[in-house]
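Protein chains: 2
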Amino acid sequence: MILFQEAYKKVLDNTFDFGDEQVAILESMGRVLAENILADRDFPPFDRATKDGIAINYFAIEDGCTRFKIEGVAAAGTPQQRLSNVNNCLEIMTGAVVPENADSVIMYEHLTIQEGWATVTKLPNKGQDIHYQGSDSPKGAVLLEPGKQISAGAINVLASVGKSEVLVKKLPKVTVISTGNELVEVHERPLPHQIRKSNSLSLKAALQKQGINAALIHLTDEKEMISKAIRKVMETSDVLMLSGGVSKGKFDFVPEVLEELGVEKVFHRVAQRPGKPFWFGLHQESRTTIFSFPGNPVSTFANYHIYFLPWLYKALRVDYPERKVVLAEPIQNKTDLTLFKQVRTFWKNGSLHAHLIVENGSGDLTSLANLNGFIRLEPRDGIYDKGELVPFIKT
Amino acid sequence: MILFQEAYKKVLDNTFDFGDEQVAILESMGRVLAENILADRDFPPFDRATKDGIAINYFAIEDGCTRFKIEGVAAAGTPQQRLSNVNNCLEIMTGAVVPENADSVIMYEHLTIQEGWATVTKLPNKGQDIHYQGSDSPKGAVLLEPGKQISAGAINVLASVGKSEVLVKKLPKVTVISTGNELVEVHERPLPHQIRKSNSLSLKAALQKQGINAALIHLTDEKEMISKAIRKVMETSDVLMLSGGVSKGKFDFVPEVLEELGVEKVFHRVAQRPGKPFWFGLHQESRTTIFSFPGNPVSTFANYHIYFLPWLYKALRVDYPERKVVLAEPIQNKTDLTLFKQVRTFWKNGSLHAHLIVENGSGDLTSLANLNGFIRLEPRDGIYDKGELVPFIKT
Chain B
1 MILFQEAYKK
11 VLDNTFDFGD
21 EQVAILESMG
31 RVLAENILAD
41 RDFPPFDRAT
51 KDGIAINYFA
61 IEDGCTRFKI
71 EGVAAAGTPQ
81 QRLSNVNNCL
91 EIMTGAVVPE
101 NADSVIMYEH
111 LTIQEGWATV
121 TKLPNKGQDI
131 HYQGSDSPKG
141 AVLLEPGKQI
151 SAGAINVLAS
161 VGKSEVLVKK
171 LPKVTVISTG
181 NELVEVHERP
191 LPHQIRKSNS
201 LSLKAALQKQ
211 GINAALIHLT
221 DEKEMISKAI
231 RKVMETSDVL
241 MLSGGVSKGK
251 FDFVPEVLEE
261 LGVEKVFHRV
271 AQRPGKPFWF
281 GLHQESRTTI
291 FSFPGNPVST
301 FANYHIYFLP
311 WLYKALRVDY
321 PERKVVLAEP
331 IQNKTDLTLF
341 KQVRTFWKNG
351 SLHAHLIVEN
361 GSGDLTSLAN
371 LNGFIRLEPR
381 DGIYDKGELV
391 PFIKT
Chain V
1 MILFQEAYKK
11 VLDNTFDFGD
21 EQVAILESMG
31 RVLAENILAD
41 RDFPPFDRAT
51 KDGIAINYFA
61 IEDGCTRFKI
71 EGVAAAGTPQ
81 QRLSNVNNCL
91 EIMTGAVVPE
101 NADSVIMYEH
111 LTIQEGWATV
121 TKLPNKGQDI
131 HYQGSDSPKG
141 AVLLEPGKQI
151 SAGAINVLAS
161 VGKSEVLVKK
171 LPKVTVISTG
181 NELVEVHERP
191 LPHQIRKSNS
201 LSLKAALQKQ
211 GINAALIHLT
221 DEKEMISKAI
231 RKVMETSDVL
241 MLSGGVSKGK
251 FDFVPEVLEE
261 LGVEKVFHRV
271 AQRPGKPFWF
281 GLHQESRTTI
291 FSFPGNPVST
301 FANYHIYFLP
311 WLYKALRVDY
321 PERKVVLAEP
331 IQNKTDLTLF
341 KQVRTFWKNG
351 SLHAHLIVEN
361 GSGDLTSLAN
371 LNGFIRLEPR
381 DGIYDKGELV
391 PFIKT
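Residue numbers (full-length UniProt numbering), protein chains in the order written: chain B, 1 to 395; chain V, 1 to 395.
No wet-lab data here; the hints were simulated from the structure.
Glycine included, every Cβ here is placed at the ideal spot set by N, Cα and C.
Treat the hints with care, since some could be wrong.
Simulated coverage check for chain V against chain B, where a stretch passes if three residues somewhere in it have a Cβ under 8 Å from a Cβ of chain B [claimed, not checked]:
(1) 4-16
(2) 24-36
(3) 69-81
(4) 122-130
(5) 168-178
(6) 266-274
(7) 378-386
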C-alpha cells in the first residue's frame with residue numbers, strides 16, 4: 001500500500017501523447033488546440049464603420065461645413081467607395097468600408113436628413129466611430145496558441161480566420177470493462193442476489209462529458225474470458241478502465257490476468273478512503289494505461305475524478321485547475337488514510353463553500369446523485385475547522 | 001431604451017415550458033429530470049458483504065469459538081446460502097449475499113486459512129463488514145426529484161433502479177439566423193470588403209454546450225427573403241436567435257419584419273455596453289421567443305450569456321447560479337450605462353478573482369478567445385475597488 005501523494009505522482013508520471021487530428025470547426029468545441037492560429041488578414045480587414053450615419057472628411061468640418069450633400073450609400077458587403085467631393089458625404093451602414101477619402105463617421109442620432117442633405121446637429125471628433133484596419137490584430141499575428149481549450153468565443157476567432165478544419169489533440173480511446181457475476185443490464189429485472197450494472201454507465205457518462213465516447217464491455221468472473229478480452233482491448237485502446245475485480249476475493253482475477261498479460265503494475269492499493277484497492281498499471285508494448293477501480297460506486301466515481309481526470313488533462317497538456325473550497329462545517333480525519341469526503345458546494349461572497357453530504361459508507365449509491373465534488377483531508381490530530389480551505393476535486 | 005435590470009426582468013418574465021420527453025439513460029446526461037426516481041427495491045437489495053473473508057454467526061464468537069470449518073464459498077451473483085451449523089463459516093466475497101444465519105464478516109487480513117479451516121487472528125465486532133439491506137434507501141423511497149440536472153453520479157442511481165429510459169425536460173428548438181451581405185462562409189476566401197460568418201457558429205457552439213443542436217440559416221439583406229424565412233422558422237422553432245440587422249441602418253430590416261409578422265416587441269435597446277441594440281420579442285401565436293442580438297461578436301456573445309442562458313434555465317426550472325467574483329484590479333463606470341467587462345478568472349484562496357481583459361471596443365474579436373466571463377458594473381461615481389465583489393456572468 002502506498003500513500004495518496006505517491007500514487008497521484010505515479011499516475012501523473014505515466015502519461016503520453018495521443019497525437020493530433022483534424023476536426024470540423026464545430027466539433028473542435030471543448031477540444032485542445034494543437035496548432036497556432038494566425039490572423040490570415042488584418043482584423044478588422046478594412047476601416048469599418050461602427051455606427052449607421054454618414055461618412056465625411058473631417059477637413060470639411062474644420063472648414064466650417066455642417067451641411068453635407070449625400071452622394072450615395074455605403075452598405076455593408078459592398079466594395080470601398082470614394083467621395084467625389086470632400087465636402088459631400090456618403091450614408092454609411094455599420095460594417096461597411098469607410099470611403100477612401102473619408103475619415104470620420106457621424107451617426108444618425110447627431111444628424112437631420114432632408115432632401116438629400118445631412119445637417120450635423122452635434123459636431124464630431126476627427127476619426128470617430130471607425131474601427132481601424134488591423135487595430136485588433138495585424139495579418140500574421142498569433143491569435144490562439146496550442147494548448148488552448150476551445151471555447152465558444154474561440155470558435156468565433158477560428159471562423160473569422162477561415163479555419164473550417166482545426167488541428168486538435170486526439171482524445172484517448174477508452175474501454176470500460178465491468179466484471180462481476182452479480183451484474184445484470186439496466187433494463188433487466190435482477191434476481192434477489194443480483195444488482196444492475198451502474199458503475200460502467202456512470203463512467204461512460206463522465207467520459208462523455210470530456211468528449212470521449214468510451215466502449216463498454218461486461219465480463220463475468222471467468223479468468224480465461226477476462227484474459228482474452230483484456231488482451232484484445234489493449235490492442236486498440238489507449239485506456240482500459242475496470243470497475244471491480246481488484247479486491248482480495250477468490251474471483252478477483254483482474255490483477256493476476258493483467259500481470260500474466262505483461263502489464264506492469266505501478267501500484268495496487270492506496271492509503272485512502274474510499275478507493276483503497278485501486279490498481280494502476282501500464283502495458284508498455286501496446287501503450288495502454290490501466291485504471292482498475294474498486295467495485296463500489298463511490299470508490300469508482302471518486303478515483304475517476306481524483307486520478308483519471310488530472311492524468312487526462314496532463315496527457316492533453318492542459319492545466320488541471322487546483323481548486324480549494326471553504327469548509328462550511330468542522331470535520332476531522334483521525335485515521336491514517338487520506339480521506340475523500342463527498343460534498344455539495346455553494347457560492348457565498350465570491351467563495352466556494354462545501355457542505356458535507358451525510359453518507360453511509362463507501363457503498364452508498366444514493367449520495368452520488370447529490371455530491372458535486374470531494375474534499376481531500378490528510379490525517380491530522382486536530383480538527384479541520386469551519387472556514388478552513390481544503391483541496392477540492394470537482395465532479 | 002430601457003435599463004438593464006428592467007430588460008433582464010422582462011426576458012425572465014417571458015419563459016414557457018417546452019414539455020417533457022423520454023430519452024435513453026446515457027442521453028439524459030446533463031438534462032433536467034422531469035420525473036420522480038423511486039427505489040424499485042431496497043438499496044442494498046440484500047445484506048451484502050463489503051469485504052472478502054468469511055461469514056460467521058457471532059454467537060459462535062461469544063461462545064469462545066475462533067476456528068471455523070469452511071462449508072463452502074458465497075460468491076457475488078449467487079443466491080443466498082445458509083450455514084448448516086452456526087459454528088461453521090462460509091468464505092464470502094465482496095458483493096455476495098450474507099448467508100441466512102450469519103451476521104458478521106471477517107476479512108482475510110484478520111484470518112489464517114489452512115486445510116479447510118479459518119482461524120480468527122483479530123476478534124470481530126458483531127455485524128461488521130455488512131452493508132444492510134435497505135440501509136441506503138428502502139424500496140419506494142424517492143432518490144431523485146424533478147428539476148435535478150443529471151450528473152454522472154445520478155446516472156449511477158438511474159441505472160441501479162433500472163431506468164434505461166428517463167423522462168427529462170425538452171430543450172427548445174433553436175434556429176440561429178445570420179444576416180448581412182458582407183458575410184461569407186468560413187471555408188470561403190472573403191473579398192476585401194467581406195468578412196466570414198462567425199457569430200452564428202459561435203452561438204451554435206455555445207448552444208451545443210447546453211445540449212441544443214441549433215439550425216443555422218444565413219439571409220442576405222433583402223426584406224422579402226428575411227420575412228419569408230422568419231415566418232417559416234417561427235412555425236417550427238421555440239427560439240429564433242438573430243445576430244445583426246437590428247441597428248438603425250437602411251438595411252436593418254429585422255425589427256420591421258418582425259413587427260409585420262405579428263411579433264410583439266417586448267423591448268429594443270438597453271442601456272448597456274456592449275449589446276445596446278438588443279431586440280427581444282415574442283410571437284404569441286407560434287410561441288416563438290426572439291432574441292435579436294447586435295451584430296458585433298462581443299455584443300452577441302455577451303447578450304447570449306447575459307439574457308439567453310438565465311432564460312433557458314428558468315424555462316427548464318433549474319436555478320441559474322448567481323456568481324460573484326473578486327476584482328483583481330480597480331475599475332470605474334462613470335457612464336450612464338450598465339457595463340459588461342470581459343474578464344479572465346483565476347482561483348486564489350478558495351475565491352474566484354477576475355482580471356480585466358484589455359480590449360479594443362465592442363468589435364474586438366480576438367479578446368473573445370481569452371475571456372471566460374463578464375463582470376457587470378452599474379454606473380457609479382466612485383471607483384470599483386480591487387478586492388470588491390461584483391456580479392459575474394460565466395461564459
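Count residues of the segment 69-81 of chain V with a Cβ under 8 Å from any Cβ of chain B, then say if the count reaches three. holds (count 7)
Residue count check for the segment 4-16 of chain V against chain B: does it reach three with CB-CB under 8 Å? It is violated: at least three residues are needed, and the segment 4-16 of chain V offers just 0 whose Cβ sits closer than 8 Å to chain B.
Can you take a look at whether the segment 378-386 of chain V is actually covered by chain B? Rule is 3+ residues, C-beta closer than 8 Å. Our answer is that it is violated, as 0 residues pass the Cβ test (under 8 Å) against chain B, missing three.
Using a Cβ cutoff of 8 Å, are there at least 3 residues of the segment 24-36 of chain V near chain B, or does the coverage claim fail? Result for this restraint: holds, n = 4.
Can you tell me if the segment 122-130 of chain V counts as covered by chain B, using C-beta to C-beta distances under 8 Å and a minimum of three residues? violated (count 0)
Given coverage of the segment 266-274 of chain V by chain B, checked by CB-CB distance under 8 Å (3 or more): violated (count 0)
Coverage assertion for the segment 168-178 of chain V with respect to chain B, Cβ distance below 8 Å, three residues required: violated (count 0)
In summary, the structure is inconsistent with hints 1, 4, 5, 6 and 7 from the numbered list given earlier, while agreeing with the others.
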